[in-house]
Amino acid sequence: MTPLHQFGAWLRGLFLAVPMNLAELLFLLVPVLLLWWVLKLPETQVRPVDRPSSRGENLRAWAALALLFQILIYWFL
Amino acid sequence: MSFHWVDYLVLLAYLVGTVALGLFIGRRVHTGSDFFLGGRRLPWWAIGMSLVATDIGGTDIIGVGGQAYTHGMAVGNFEWIGCVPAMIVAAFIFVPLFWRAGVVTIPEFLERRFNVGVRTALALCWLLFMACNLGIMLYASAKMMHGLFEWNLLLCVMLTAGLVGIYTLAGGLAAVVYTDVIQCVIMIGGCLMVLVIGLVDLGGVDGLLAAVREAESARSAAGAASEELQHTRLVLPVDTESPYPWTGVLFGLGLILGPAYWIGNQAIVQRSLGARTEFEAKASYIWGALLKNLVPFIVAVPGLIALARFPHLSDGDLAFPTLVSHLLPVGLRGLFLAAFLAALMSSVDSYLNSSATVLTNDIYKRFFRPDINDAQMLKVGRVVTVCFMVWGVGFALIVSLIEGRGIYTIFQTLMAFFQGPALAVILAGLLWKRANGVGALTGFLGGVACSVTLFTLNQESVYTALGWPPLFRVSEPFLYFSIWAFLVAAVLLVTISLLTRPEPESKIAGLVYRRREASAS
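Chains as they are written, first to last, in this note's numbering: chain A, 1 to 77; chain B, 1 to 521.
Note that these hints are calculated values from the structure, not bench results.
Remember, predicted model here, so these are calculated numbers, not experimental data.
Any given hint could be a false lead.
[As the list claims (entries may be wrong)] What the simulated footprint calls covered on chain B by chain A, stretch by stretch (three residues with Cβ under 8 angstroms from a Cβ of chain A suffice, anywhere in the stretch; the number is not a length): (1) 236-242; (2) 281-288.
[To be verified] Simulated restraints on C-beta separations: (3) A/4 <-> B/2: 49 to 55 angstroms; (4) B/23 <-> A/57: 29 to 35 angstroms; (5) B/513 <-> A/75: 26 to 32 angstroms; (6) B/2 <-> A/11: 47 to 53 angstroms; (7) B/203 <-> A/22: 32 to 38 angstroms.
Positions of the beta carbon are idealized from the N, C-alpha and C atoms, including for glycine.
Next up, chain A with everything else stripped away, as it sits in the complex (with noise of 0.2 angstroms):
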């Protein structure tokens, strides 16, 4: 066994030992992280600047969405 087999045994244990709802949860916070931050988006950045826009003509919008979609589907499946 060399020193890089024990790091990968060590590493492969340590994630082995990490309970499976912990698991779970963190496939859940991506989406729910990525959320946060598109909701914390300054408005230049998710509206067309140089002409009026519409309501629909907001990404932060679409991209909560998307987001939620992905929340949902983490949490049910």
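Chain A is already provided as a structure; the job is to place chain B on it using the hints.
Chain B only, in chain A's frame:
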């Protein structure tokens, strides 16, 4: 699988429609910019659908359904956590910077941010991968068509290359994007049809779940206990027998390969560079992310339906075709065949166009004809497209003469060699203004060297000769090569950048992300 003449009529209508649309668009192509970036006139909705269509190949439809049949819905992670988060981040951070820079390729952007060495190293890696992948995709799809429909293999390769080549040659990126829209609709429609008919046949979702549990119990009783109750789960344990342990999926796919693909793959990013405005470039990725949520339901769930209906298939890849041949009536089978070809063509056309773009812009123009004008670029782009088409057919035939699956695996590994390091370079370049050219090139080469070393040490002949056990327990550890190569590249890049002189502020202005910076659309 047998087809009626009505099925072939449906297929013919699709093929004629696609090629006619591509040729029609070709009438508006007059310059290199028209050819490589659709004249920067592409709308967000078309680009978004093209992103989705390009990502799903013909072999993916069969393969994902097959993986769902064998291992369950965990394969859906490739479309969900492997795509949606990366697309959202790309939309708001990376795509605007690329679009605003007015570049044609990602390597071109990296020369502006770093230096010509970084540009050339990445261009050569992507070129090698895309050119070989063209042949691999043509061969793998032709082999699948041959297996499913018993068509002649050479005919399948020539037919696909010829049809895709004609409209890509005529219309460039615009033809690719607009034909992808048709292909996306047909692909989603065809697969949705299989899903709905399959679910109705089983008495709805409850009927499906009950039948899957029954099939799993039957398998468990037959001795396959490790597969039990995994088919409806997305997160699988580290010691799962499937190729999708949660660690590999979350860290390898979600954090490395997914972002590398959606941020750094020229064949993907190129279409967003052709958007009408920066806002539309962002919107295209968001629209694509919304559509991506749907894909595993229409591609993977039919695999579960096949498991419920036909639990004893010898090969998971037979799941989709078996379902289609048993469930769909005459005419609708033709629509599925069209969906399969649409998925195949939408991927091949993108790689054909992007290979030509990188060779023409990053090699020919950069090193041999810096003074070339836009009209000449169009001519060169078209000649290069023909060359890649011929190359793709030739390489597909070479692959068919050797062992197909082995070659496919080798090229998957080749991509894993440089995707992690390429992501490290792009992330550092766009998010950290202290990153410099020396650090980026060293990090990239170091990362590639790391993955090549891991690959070599994991070869049976090598570790046996050294008296070691294998480095990885999984049989095809591409995912792990990417993680380690990314980490090594990132560490080298940061260390070397901090030890050497930073890039001048004037050089990197507008090329590094700043959160509060006003959008320039």
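* **Hints the structure fails to honour** => none
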